[in-house]
Amino acid sequence: MSLLIKNGFVYDPVNGIDGEVMDIAVEGGRIVEKVDEREAHIIDASGMIVMPGGIDIHTHIAGAEVNSGRLLRPEDHVYDFEPKTAITRSGVGHSIPSTFTTGYRYARMGYTFVCNPSMPPLEARHTHEELEDTPIVDKATFPLLGDWWFVLEYLRDGLIKECAEHVAWMIMATKGYAIKIVNPGGLEAWGFGRNVRDLDDQVPYFNVTPREIIRGLCIVNKILSLPHTIHVHTNRLGQPGNYITTIKTMDCVKDLATSDKPVIHITHCQFSAFKGDSWANMKSGAEDIAKYVNSHSHATLDMGQIIFTDTTTMTADGPWQYTLYELSGNKWVNHDVEVETSSGIVPFRYRRKSYVHATMWSIGLELALLINDPWKIYLTTDHPNGGPFTSYPKIISWLMSRRAREKTLEKINRKARARSLLPSIDRELTFYEIAILTRAGQAKALGLKSKGHLGVGADADIAIYNINPRLVDPARDYKTVRRAFSNAAYTIKGGKIVAKMGEIINVPDGRTYWINFNMDCDVFSQRDLADLRRKFREYWTVEYENYIIPESYLKVSAPITVRVGV
Amino acid sequence: MKIIIQVTPRYQFKVPVYAECISPNVFEGKGLEEISRLEVWEGNRRRRLNELFKLELVKDEEGELTINLVGNFSKVRGIGAKMSKGRIIVDGDAGMHLGEGMSGGEIIVNGSAGSWAGGSMRGGRIEIKGSAGDYIGAPYRGSNEGMKAGLIIVHGDAGREVGCLMRGGLVKIYGSVRHFVGINMVDGTIFVRGDCAGKAGAGMRNGRIIICGRIPSVLPTFTIDSIRPNVDVDGERIPGPFYRFIGDIADGGEGKLFVSKVTNPHLSHYEKYLQ
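Going down the list, the sequences are from chains D and C.
In this text, residue positions in the first sequence follow my numbering: the first is 1, and each later residue adds one.
In this text, residue positions in the second sequence follow my numbering: the first is 567, and each later residue adds one.
Since the hints were made in silico from the structure, they are not lab data.
Please read all numbers here as calculations on a predicted model, not as lab measurements.
Treat the hints loosely; a few may be bogus.
Computed list of lysine-lysine pairs in DSS-like fashion (alpha-carbon distance at most 27 Å, straight line) [stated by the list, open to error]: (1) Lys-714(C) with Lys-411(D); (2) Lys-331(D) with Lys-714(C); (3) Lys-353(D) with Lys-648(C); (4) Lys-353(D) with Lys-695(C); (5) Lys-714(C) with Lys-695(C); (6) Lys-648(C) with Lys-84(D); (7) Lys-84(D) with Lys-580(C).
Partner residues aside, some chain D positions facing chain C, computed with beta carbon under 7 Å [as the list claims (entries may be wrong)]: (8) Arg-73; (9) Glu-82; (10) Gly-502; (11) Ile-505.
Derived DEER-like restraints, expressed as beta-carbon distance ranges [unchecked claim]: (12) Arg-603(C) with Arg-30(D): 28 to 38 Å; (13) Tyr-79(D) with Asn-772(C): 19 to 29 Å; (14) Gly-329(D) with Lys-838(C): 29 to 39 Å; (15) Arg-483(D) with Arg-611(C): 26 to 36 Å.
All C-beta atoms, glycine included, are put in the ideal place defined by N, C-alpha and C.
Using the sequences plus the hints, can you model the full thing?
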């Protein structure tokens, strides 16, 4: 079926289109030059905003960890449920919705591509099974490699080439998309009840430092020419004074950038931007980080904004989750994933009146507003760690309206308000910039050629929001903006209308993107392979043969072939 | 002088009925016609209130709204949920989740009530003339937002985990309770005139539990503090003497567990630790 979206205000930053009134034609799931108007289904988008489908670079929506979170929190489900309809399934959950509901809720907001950023490789099968049950949206998932024993061993011995081969095998075996690094070295140290304190702290028994892990994997990432950069959750996340570690982390790979292309992505940066040396005098380090990012081009960030609500924190950062349990006294889960990584879950409520929480709220927005180039910072809540993804419209309204920020500022902790930089920031983002933060920038960072724009040949993933940029001043009518972004007038996925004014009308399966390496040589020499099998037998509960996920296991596989000469 | 609406089941329910709409807050300002169209769930079927219940306006004068439930409501769940004013009088038994999350008003049950009576209560008063089920004042599964304020009186016996995760308010049980009374409680008072089956105050961090009857043993994570001649509960002086224990030490708690000395001679060995 062909579609013609007429007279919308089009925001397509990749192609430099800033609110021009134009038509978008769709045929065969792609955007085309034009279609036969008599045969096409016509969507009248006059007075509406047309953007590429939203992209979320960091959202925990599937996998063993998320599922444990669901099991841990019946109280999260009891008041937020959706009954089934003729074409959708029922589901529950506020901060950790069930898989189907996750897909529907993303589609309702106009999102069409999501990245599940932390997959313990051992749980890859489970993750893909849940992603398969997350309908509509396309997805990619990043295996956790920063504390993988093989990686640590190769990097300790300086075997970068072998490390690259191994990572390539890992990504193909788990059908992953990028290299995720969580608290490098710290998770391995956590296995011994310790953590690493900084970039140059030794990982116990491995004689390798977080700096060497990050640099090593960054070089591996370049050798393998992966579309995305390394995706880093920094050391000392959530500890006062960690902003300096974050800057050091970005700085330690500065020399590896040869062009303007970024080489590192610091994820949920808000949690890594605390100044001060205790919770009592913790303050925002957003200004320093923004200054660094403004003067360098090798790093991108995402916000990790928090929302004042009851949510569930879950990361692979076991030691941090344990600290969070000690801080909150809530129920908790902590788990060591064999030789690979760790993980933890703690339910958490962010309170307006808490000095620390209010400061964290401020830091996220400060980061987004103080970093001048919107192509370097993306909108996320690190769902569900900072808040559920359904609160993105709220964040958009804060970013677009000083008044909306002031309204919330009035209600937060007084000391936090006095120290917040927000009252001094006048910047209000435009729809064009929002389109970068929520789509175009993320597509660029992920190296997705056919997503995040509306040029001819792009995938027909389109979001239409019922808001007229000529009539509505987002700075004043921020509530209108919030409403419009909560329920897209139309969400089009692969050329099909999937949601219309908040109602799901079509449930196609989303594709799973993964990296298929086309190597010049065999991935492993016979000797390496024998070594790998031996280690699987010794260290893992899963055999080598059962570990690899065949492509046929994915419902809709979308491999991206990358040619490498290792 | 008040409005009284009488609600009577039309038949004996076989499956649970979720009738959170039976609440003065929902009924207020609506005509009988409108009330009869309110939505309830019978098992997995969506129903109208008047399909399951007969509704009658007994008295119509200016004043507070009273809902009088007559008959067997033991399968009807969530009666008076989230109510903040008015009265509900149940002449018969009430089902689970009675007055869940209520913040004001009054519920009187002239019969027994199911589990989770006054769950996550925020204020108001519940009086149960018969016995009650488990988890009085307890929050929904998984949540830690237990009863915060208000009063629950049970004239008969109560089940397990009375006042689970309680954070304030008062629960009075005139009969006996089963295991784990005041488990994980943070604050508030639980008064038990009868016996307790054991494990009182497990995991409690603060608050008071008073047991006048017999308790087989006190948890080893409680330490004896003193013997008190009497205890004051809500302005009433309960004559003792009572052993006063502090715990649950395993959770760093400072809760007070009062156990009657007279009815528990087998606990007298604790007295030697008081010297």
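Verification of the hints:
1. Of the supplied pair hints, the one linking Lys-714(C) and Lys-411(D) holds, its CA atoms being roughly 24 Å apart against a limit of 27 Å.
2. Taking the CA atoms of Lys-331(D) and Lys-714(C), the gap is near 20 Å; set against the 27 Å cutoff, the hint holds.
3. Using a Cα cut-off of 27 Å, the hinted pair Lys-353(D) and Lys-648(C) holds, with the two alpha carbons roughly 25 Å apart.
4. Note on Lys-353(D) and Lys-695(C): the hinted pairing is violated, with a Cα-Cα distance of about 42 Å set against a maximum of 27 Å.
5. For the suggested pair Lys-714(C) and Lys-695(C), the alpha carbons sit about 22 Å apart, so the restraint of at most 27 Å is met.
6. Among the hinted pairs, Lys-648(C) with Lys-84(D) is consistent with the structure: their alpha-carbon atoms are about 26 Å apart, no more than 27 Å.
7. Taken as a hint, the Lys-84(D) and Lys-580(C) pair is honoured in the structure, with Cα atoms around 25 Å apart against an allowance of 27 Å.
8. Evaluation of the Arg-73(D) hint against chain C yields a held restraint, the C-beta minimum of about 6 Å falling below 7 Å.
9. At its closest, the beta carbon of Glu-82(D) sits 15 Å from a beta carbon of chain C; the interface hint therefore is violated under the 7 Å criterion.
10. With 7 Å as the threshold, the beta carbon of Gly-502(D) stays out of range of chain C, its nearest partner Cβ sitting at about 21 Å, so the hint is violated.
11. Taking 7 Å as the C-beta contact cut-off toward chain C, the hint placing Ile-505(D) at the interface is violated, the least distance being around 23 Å.
12. Checked against the hint of 28 to 38 Å, the pair Arg-603(C) and Arg-30(D) fails, with Cβ atoms roughly 50 Å apart.
13. Our hint of 19 to 29 Å for Tyr-79(D) and Asn-772(C) holds, since their Cβ atoms are close to 28 Å apart.
14. Look at Gly-329(D) against Lys-838(C): about 35 Å separates their beta carbons, and that is inside 29 to 39 Å.
15. Between Arg-483(D) and Arg-611(C) the Cβ separation comes to about 34 Å, which falls inside the hinted range of 26 to 36 Å.
Hints 4, 9, 10, 11, 12, counting from the list given before, are not met by this structure.
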